[in-house]
Amino acid sequence: MKEKLQQIKEKAIAAIEATDGLEKLNDVRMAVLGKTGELTAVLKGMKDVAPEDRPKVGQLVNETREAIEALLEEKKVKFEEEALKKRYESEKIDVTMPSSKHTHGNLHPITQVKNQLTDIFGSMGFEVYEGTEIETDYYNFTALNTPQDHPARDMQDTFYLSPEFLLRTQTSAGQIHVMENQKPPIKIISPGKVFRSDDDATHSPMFSQMEGLVVDKGITLCDLKGMLDEFVQEVFGKGTTTRLRPSYFPFTEPSVEVDVSCFQCGGKGCKLCKGTGWIEVLGAGVVNKKVLEGCGIDTDIYSGFAFGIGVERIAMLKYGINNIKLLFESDMRVLKQIDD
Amino acid sequence: MLAPLSWLKEYVDIDVTPQELEDKLFSCGFEVEERYEVGKDISKVVVGYVKECEPIPDTHLHLCKVDAGEAGILQICCGADNVKAGGKYPLALIGATVYATAKDHVTIEGVMEIGQGKLRGYDSFGMLCSGVELGLNEDLYPGAGYNGLLVLPEDAPIGADVKPILGLDDQIYDIAITANRPDCQSIYGIAREVAAVLCKELKAPSLDFTPKDTMKDDFSVSVEATDLCPRYSAHYVYDVKIGPSPAWMRRRLALTGISSISNIVDITNYVLKEFGQPMHAFDYRFIEGNQICVRRAKEGEKIVTLDEKEFELNDQNLIICDGKKPVALAGIMGGLNSEIKDDTTEVMFEAAKFARDNIRKSSRALGQASDSSALYAKGVYEYTTVMAMKRALHLIEELGCGTVSASHFEQNTGNSVEPTEMKVSINKVNGVLGITVPNEDIVRILTNLNMAPVINGDELTLQIPAYREDMEDYPDVAEEVIRMYGYDHVKSTFMPTAQVTMGGLNLRQKSELKIKRALCAAGAYEGMHYSFFSPSDLDLLRLPENAKERNAIQLINPINIDLSLMRTTLAPEMLRAMAGNQKKGITEGRIFELGNIFIPKSLPLTEYPDERETICIGVFGKEENFFTIKGLGDVVADTLGVKFDYEAGTKTFLHPYQTAIVSCDGETVGYVGKVSYEVADELNMTVDSFVMELDLRVLSKYYGKPQVFVPISKFDEEKRDFAFVVDKNTTCAEVEKRIYAACDYVTSVTLFDVYEGSQLPDDKKSMAFSVVFTPRDEKLKGKKVEGFVETILNDLKENLGATLRA
Chain L
1 MKEKLQQIKE KAIAAIEATD GLEKLNDVRM AVLGKTGELT AVLKGMKDVA
51 PEDRPKVGQL VNETREAIEA LLEEKKVKFE EEALKKRYES EKIDVTMPSS
101 KHTHGNLHPI TQVKNQLTDI FGSMGFEVYE GTEIETDYYN FTALNTPQDH
151 PARDMQDTFY LSPEFLLRTQ TSAGQIHVME NQKPPIKIIS PGKVFRSDDD
201 ATHSPMFSQM EGLVVDKGIT LCDLKGMLDE FVQEVFGKGT TTRLRPSYFP
251 FTEPSVEVDV SCFQCGGKGC KLCKGTGWIE VLGAGVVNKK VLEGCGIDTD
301 IYSGFAFGIG VERIAMLKYG INNIKLLFES DMRVLKQIDD
Chain P
1 MLAPLSWLKE YVDIDVTPQE LEDKLFSCGF EVEERYEVGK DISKVVVGYV
51 KECEPIPDTH LHLCKVDAGE AGILQICCGA DNVKAGGKYP LALIGATVYA
101 TAKDHVTIEG VMEIGQGKLR GYDSFGMLCS GVELGLNEDL YPGAGYNGLL
151 VLPEDAPIGA DVKPILGLDD QIYDIAITAN RPDCQSIYGI AREVAAVLCK
201 ELKAPSLDFT PKDTMKDDFS VSVEATDLCP RYSAHYVYDV KIGPSPAWMR
251 RRLALTGISS ISNIVDITNY VLKEFGQPMH AFDYRFIEGN QICVRRAKEG
301 EKIVTLDEKE FELNDQNLII CDGKKPVALA GIMGGLNSEI KDDTTEVMFE
351 AAKFARDNIR KSSRALGQAS DSSALYAKGV YEYTTVMAMK RALHLIEELG
401 CGTVSASHFE QNTGNSVEPT EMKVSINKVN GVLGITVPNE DIVRILTNLN
451 MAPVINGDEL TLQIPAYRED MEDYPDVAEE VIRMYGYDHV KSTFMPTAQV
501 TMGGLNLRQK SELKIKRALC AAGAYEGMHY SFFSPSDLDL LRLPENAKER
551 NAIQLINPIN IDLSLMRTTL APEMLRAMAG NQKKGITEGR IFELGNIFIP
601 KSLPLTEYPD ERETICIGVF GKEENFFTIK GLGDVVADTL GVKFDYEAGT
651 KTFLHPYQTA IVSCDGETVG YVGKVSYEVA DELNMTVDSF VMELDLRVLS
701 KYYGKPQVFV PISKFDEEKR DFAFVVDKNT TCAEVEKRIY AACDYVTSVT
751 LFDVYEGSQL PDDKKSMAFS VVFTPRDEKL KGKKVEGFVE TILNDLKENL
801 GATLRA
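Residue numbers (full-length UniProt numbering), protein chains in the order written: chain L, 1 to 340; chain P, 1 to 806.
The hints are simulated quantities; they were obtained by calculation from the structure and are not laboratory data.
Predicted model only: the values in this text are computed from it and were never measured.
In this text, a Cβ means the ideal position worked out from N, Cα and C, and glycines have one as well.
Just so you know, not all the hints are guaranteed correct.
Distance condition first, Cα-Cα at most 27 Å in a straight line; then the derived DSSO-like pairs of lysine-lysine [said to hold, decoys possible]:
1. Lys336/L <-> Lys514/P
2. Lys491/P <-> Lys289/L
3. Lys491/P <-> Lys101/L
4. Lys44/L <-> Lys9/L
5. Lys35/L <-> Lys76/L
6. Lys193/L <-> Lys510/P
Covered stretches of chain P (chain L as the covering partner; in silico rule of three or more C-beta atoms under 8 Å from a C-beta of chain L) [what the hints assert, rightly or not]:
7. 167–181
8. 514–526
9. 606–612
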């Protein structure tokens, strides 16, 4: 019996060693340990063994089975490892191939800039007021201290829809609606589309502005400067400074043009700032007393400041977009580029 | 406005560099758009003294030995006919830059660099120059117009740079003047500012003259249209001798862009540039009826202006007439019938103020403009009419080209030319600025600005000169103070006295942004198109004559017809954007735009129109189909927490069988469909394109819809699949609706297959649905679900004739 078991064991070991895969290994397992396997046959023959020999033989059979099973297991692990390795190898890819098409779109560059600006001013306590694109002559000009005969009307070529109605030339038109309907304190920004009869490489007949207005007690030119300093650092980066210089808008007095230190060269002078170290970004000023009075605001108590930002200009400066027309053509190659 | 430095120096002792002057002007509100040297293109040209000059045989050339000072004695070949030994001429050394001229020796063709040359075998080490080659003409330098060498003065130092000698080192400032400062549209006006900012004295031009006997007692000046002409003055000058003006005057006019014509005309132009006051000179011979009258033109009245253009006028045009006829288009241009001629001996000068708006409108309406009309359009004050007339008469005497009479005529209903007193509070001035400017600085600044400030406690009293009509109240004073005191004194503060306010977006703005971001997440890119479009866009959409979209607001003055209507639908520009991409070879994309359409309540407009926020989505490419764009619509619906219903419909520009009308809660909100082949062909589209438009105004009622949590059932859902055989024209929506209606435990119905073909009768199709039953308080037992199923099958059989597919 002992010899027979030894023989089974050796045969099984030889068979296991000879296998080349999990399937064959299983065949060996079935041939030895399966229902009709050789070792199973021995176990089945135990009833013929003398009762006194049974424990000893049983032990021998078990030892044999354990040895074979251990070997089978060892071989199985080895084959599984090999199989996994092969699977990995078979799935080797060229990681430098192009990535899968990304399916996420993005907002228009103008919307992106507008959102940044509304976030900044929103955090400073500015509400967002959106006026209408079609305005009356009164709100766009007259109430903004620009009566019919005023020289400043020449500064803007206005699209008229009727003698009374026009396409707003400036988001400043919204100022008056707000001041007529709201008592100070007022802090609003008013983003929107504006229109001027200009059409060339740097001008588009439609573009976007964002007007800002603060009216409260004791507001001064210094407050305007302080707010602008915060704003330009948020938009153009820490360390950006502002420079005010005299200008003229009918609805502010004093009026200023606001330049920022060039964020590309840091003020040393480069192509972007045309060597001056400064870039013009917006117009602003102390709200003209006459405008406040026209809205029934007591100028002995209240004063304010206003500013107007060209959104396209900021977008073009920030992203280096070279032609304003590109912003309105919905060319996918343009729309896909800016995701700020 | 062009201002030569040399002319400014006539009035102010400018002792700073040209760059410093530019910076100073910039700091006080006058941006120098460009500053250039008159001879900016000329370099290395010196005074050359021709020591020897021998003709080269058989040529027109001369071989010269030219003393160039430090550069030595140079051999130069010269082709000019006026070269001679002992003469001094501009000599361009090797490496010099001068203007290249065409064969006519007059037309400038660019800048050239002088190299060593060889003419007819003779070396030439430079070039003797003509005036034109240095950029000069007869006005800029006497003799420079000669077609030959420019002759330099005998005392010109040999070898010296010719630029200072010829005035080529003069600086020209091109200054931007803001609309509130028409008083600075002149050399003297700018000089006033320069004097103030440099704290220098302003030297006034001479205005004195000695009038001879009164001559024209029977002459009269009248102004009928006083609203358009608040001040008109005329003065009679006789014994006029027409001739050229002096070199200094010609040069100054040339530097500011005006060609010399004759002494009388030049005087009017000189005063225009010097004081910003347009003037006119009539030949007195041709003034009939001993009178001048300023009035509105009669309908159809005609005038031929100096440039020989004829204009038919109406009562919006102001004219100057004599006793019989119009002699000038007021403020714009004189009439040809009374122009100054070579034999003119008597002149009537005019200096007037005309209403700026009238001149501006007339000039535009007639398409006729001049330096004069440009000035009037910006604003001319009464103040300068007086100064200008005196100055012109002074110049008559200075030039000795006529006798000034005592015949002065004046009609005046306008503003005073005397200073007006203004009192303001110093605290309020400082209150605008937010800083306290020391009183002594305030006094210094306002004194420099000729406002004679006097401070008494908080009260500041000023005498505002008549040329500063922009000065009205304390904010104007604050601006004058700070622009001269310096904006760098303004500190940064952050509204210490202001109240706290809540900021940020409102619900509509937040909701619109949410929709935009959801569409981006679904692969769409935001576009932005013009608010106006073309009448042809409405034709592109094949809209019938009575379509509501055709009721669009028109621009009175569009840039062109294609930008002449306020859009009533966003679709055309989206279609064009998709076609535009396809034309560029971009064959797939998803674009959306959120913008306004403009619906008039009346035409022409008498009240604000309805500006309706609308969203338009366009998709194109081989991967796209009706259902992909419908999916983007559902993205919008999901964002709003609503469900859209789609019903087959038609649009004139969409596929007749791939178009749906979109509704929400029974209300129409828009449409979606495939672009028709006719429209696609017209736009040269190369791939299938789809468009959807949704009215956000209607949908805005769902903005901010409360979000409610539905507890998750602890019992498992039951799912059953069915394939129904139905009539071919039965829609998915009909079946879905019946299933939901039949059993209220149904929470989801999803179509997953449609079959039509040989296994079914021709008029039938099979639709397979997955139906989910969601349990409530207790587990859904099999038997109960079977009951639901039976109810559904019965309902579908009864209402749609549907049977289960075998």
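**OP:** Please flag the earlier hints that this structure goes against, numbers listed from lowest up.
**Re:** 3
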